[in-house]
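> Sequence:
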Amino acid sequence: MGTILDTEIKPGSRKGKSNYSREFKRRLALAACEPGVSVSRLALAHQVNANMVFKWRRDLRAGLLDDAASAPAALLPVVLAETPAAARSTVAPARRDAVPGGMIEIVIADAIVRLRGDVDAALLKTVVQSLRA
-14 MGTILDTEIK
-4 PGSRKGKSNY
6 SREFKRRLAL
16 AACEPGVSVS
26 RLALAHQVNA
36 NMVFKWRRDL
46 RAGLLDDAAS
56 APAALLPVVL
66 AETPAAARST
76 VAPARRDAVP
86 GGMIEIVIAD
96 AIVRLRGDVD
106 AALLKTVVQS
116 LRA
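Residue -5 in the working numbering sits at position 10 of the sequence shown; the count goes up by one each step and never skips.
Rather than coming from a laboratory, the hints here were simulated on the basis of the structure.
Backbone N, C-alpha and C fix where the C-beta goes; we use that ideal spot for every residue, glycine too.
Where hints are given, some of them may not hold.
In silico DMTMM-like cross-links for lysine to aspartate or glutamate, where the CA-CA straight-line distance does not exceed 20 Å [stated by the list, open to error]:
# : residue 1 : residue 2
1 : K40       : E19
2 : K40       : E8
3 : K40       : E90
4 : K40       : D51
5 : K110      : E90
Simulated DEER-style distance windows between Cβ atoms [what the hints assert, rightly or not]:
#  : residue 1 : residue 2 : range
6  : L109      : S25       : 38 to 44 Å
7  : A106      : G48       : 22 to 28 Å
8  : S25       : A47       : 17 to 23 Å
9  : I89       : S6        : 34 to 40 Å
10 : G87       : A30       : 47 to 53 Å
11 : L108      : L61       : 18 to 24 Å
12 : N4        : R117      : 23 to 29 Å
13 : K40       : S115      : 28 to 34 Å
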């Protein structure tokens, strides 16, 4: 509960607005995640609005304050495995662009979305757009 961090304030581009470094936000958010820490007291000790600390903590948990968040997104290779002939003959996809009886798992920070059954491109696109919002 007695966590004290150095406050790094840079003058903002707008009057009355301070810019805090990503590292400062990350350290304060990590301190706010510790058990027994009062976010209000932590914010008061660093002369920061408690709502900002709560926001930074949410951003940290969503992976937005990680060093990887500042790096450009990389595309990952996708490998489609051939299904055995016995399985192909018993499963008929509902549509040509559907994944029959399969499962797609999407992991973003702490969220896991699993799509089971016939997953088509339109459903996948809707899920990804919803996760971005």
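> Evaluate each hint against the coordinates.
Here's how the hints hold up against the structure:
1. K40 / E19: Roughly 15 Å between the alpha carbons, so the hint for K40 and E19 holds.
2. K40 / E8: Distance ~15 Å between K40 and E8 Cα, so the pair holds.
3. K40 / E90: violated (27 Å)
4. K40 / D51: This hinted pair holds, its Cα atoms lying about 14 Å apart.
5. K110 / E90: Status holds; Cα separation ~14 Å.
6. L109 / S25: 38 to 44 Å: holds (42 Å)
7. A106 / G48: 22 to 28 Å: Holds, since A106 and G48 (Cβ atoms, about 26 Å apart) stay within the stated range.
8. S25 / A47: 17 to 23 Å: This hint holds: roughly 22 Å between Cβ atoms.
9. I89 / S6: 34 to 40 Å: holds (37 Å)
10. G87 / A30: 47 to 53 Å: With a Cβ separation near 51 Å, G87 and A30 satisfy 47 to 53 Å, so the hint holds.
11. L108 / L61: 18 to 24 Å: At 20 Å between Cβs, range holds.
12. N4 / R117: 23 to 29 Å: holds (26 Å)
13. K40 / S115: 28 to 34 Å: Once the Cβ atoms are compared, 21 Å apart, the range 28 to 34 Å for S115 and K40 is violated.
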